Amino acid sequence: MSEQQDMSQLDPMAVMRVASAYWDSSILHTANSLNVFTVLSKEGPATAAEMAQRCDVDERGVEMILMGCICLGFLEKKDGKFVNTPLAETFLVDGSPRNQRGIVSMFKDWVLPWSNLDKAVKTGQPVVEKQHDHGEEATRTYITGMLHRGIPQAQLLAEEVPLAGRKKMLDVGGGPGIFSIIMCQKNPGLKASVLDLPQTLRVTRDIIKDWGAEESVDTIEGSYMDEGYGEGFDVVLTSSMISQEGPDVVKHILRESFKAMESGGMMLIQEQFLDDEKTGPMLPVQVGLNQLIHTPAGRAYSAKEVADFAAEIGFVDLSYRPLPDPSPFTLIVGIKP
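Everything in the sequence shown is counted per our numbering, starting at -8 for the first residue and increasing by one.
Derived by calculation from the structure, the hints in this document are not laboratory data. Just to be clear, a hint being listed does not mean it is correct.
[To be verified] Each computed DSSO-like pair below joins lysine-lysine, with the alpha-carbon atoms no more than 27 Å apart:
1. K182 - K200
2. K269 - K250
3. K113 - K72
4. K182 - K250
5. K182 - K242
6. K158 - K269
None of these values were measured; they are calculated from a predicted model.
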């Protein structure tokens, strides 16, 4: 087959789809900002004219947003009226136990920083003035979104990692504390402590109370940048935080975790890792670029890199494996001798 024939097999729309992908996300961001899905859930199916009144917006504009949501799978049309699909009803409606509206809002907030990705690549410096500097309300929205996003992953991890017989777990940078809550539910006799910043833990404590987990889960105010995480832990978990930092801080986290553990303690590192050749997958690449935009030293790591860091600190019997689909996470396990 000639080169010309080979080229004729290429998809002429492939570049266009990637170049315009933000059009799709902008439709979702706008619908979420207008709370379209909650309005439809609470007030019932509606025409575009009715939604314009309900949301106090222009009819022409909202109709096109609603049509876009149909194409994206979030809405459908029945008897001439727009109605939520199960996808939207589950993840995009206020009051749903699996509501992810806060996460969608977070991604909208990242649109402007991401538009300056070229600047971050040129300078190697974050393009936002204050990294992760949230007010109380923004923190609550973000942590609540992480709670709902984390529930299925926490349930999966609890199934994949048996902790029977272990007594005391430290959840470093644990955010909403949902991994601690569910791991303790799955393993009677296990107690857990969530280490995080005071502003975050004000939300975490409410979540612990809502889940009735006060007897098994407590909190430790502090930063993973601190010296000393406590002592006597036989499990330490880090989840979705390694990519926020450079190698020196990652090693600090592992070192302080090691010091906080008893002999025989288990280190669990759950992250969206690159493959060993660093050719993908796309999600950890994107996470790494997001850290380039927002942090001074964050990046994407391969599981092998971090496992090597852990070995350098002194952990043994290190292994790593991808968790079952649909989870995008890889789990590293190591033991303190």
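To see whether the hints hold, each was checked on the structure:
| no. | hint | result |
| --- | --- | --- |
| 1 | K182 - K200 | holds, 15 Å |
| 2 | K269 - K250 | violated, 30 Å |
| 3 | K113 - K72 | violated, 49 Å |
| 4 | K182 - K250 | holds, 19 Å |
| 5 | K182 - K242 | holds, 26 Å |
| 6 | K158 - K269 | violated, 37 Å |
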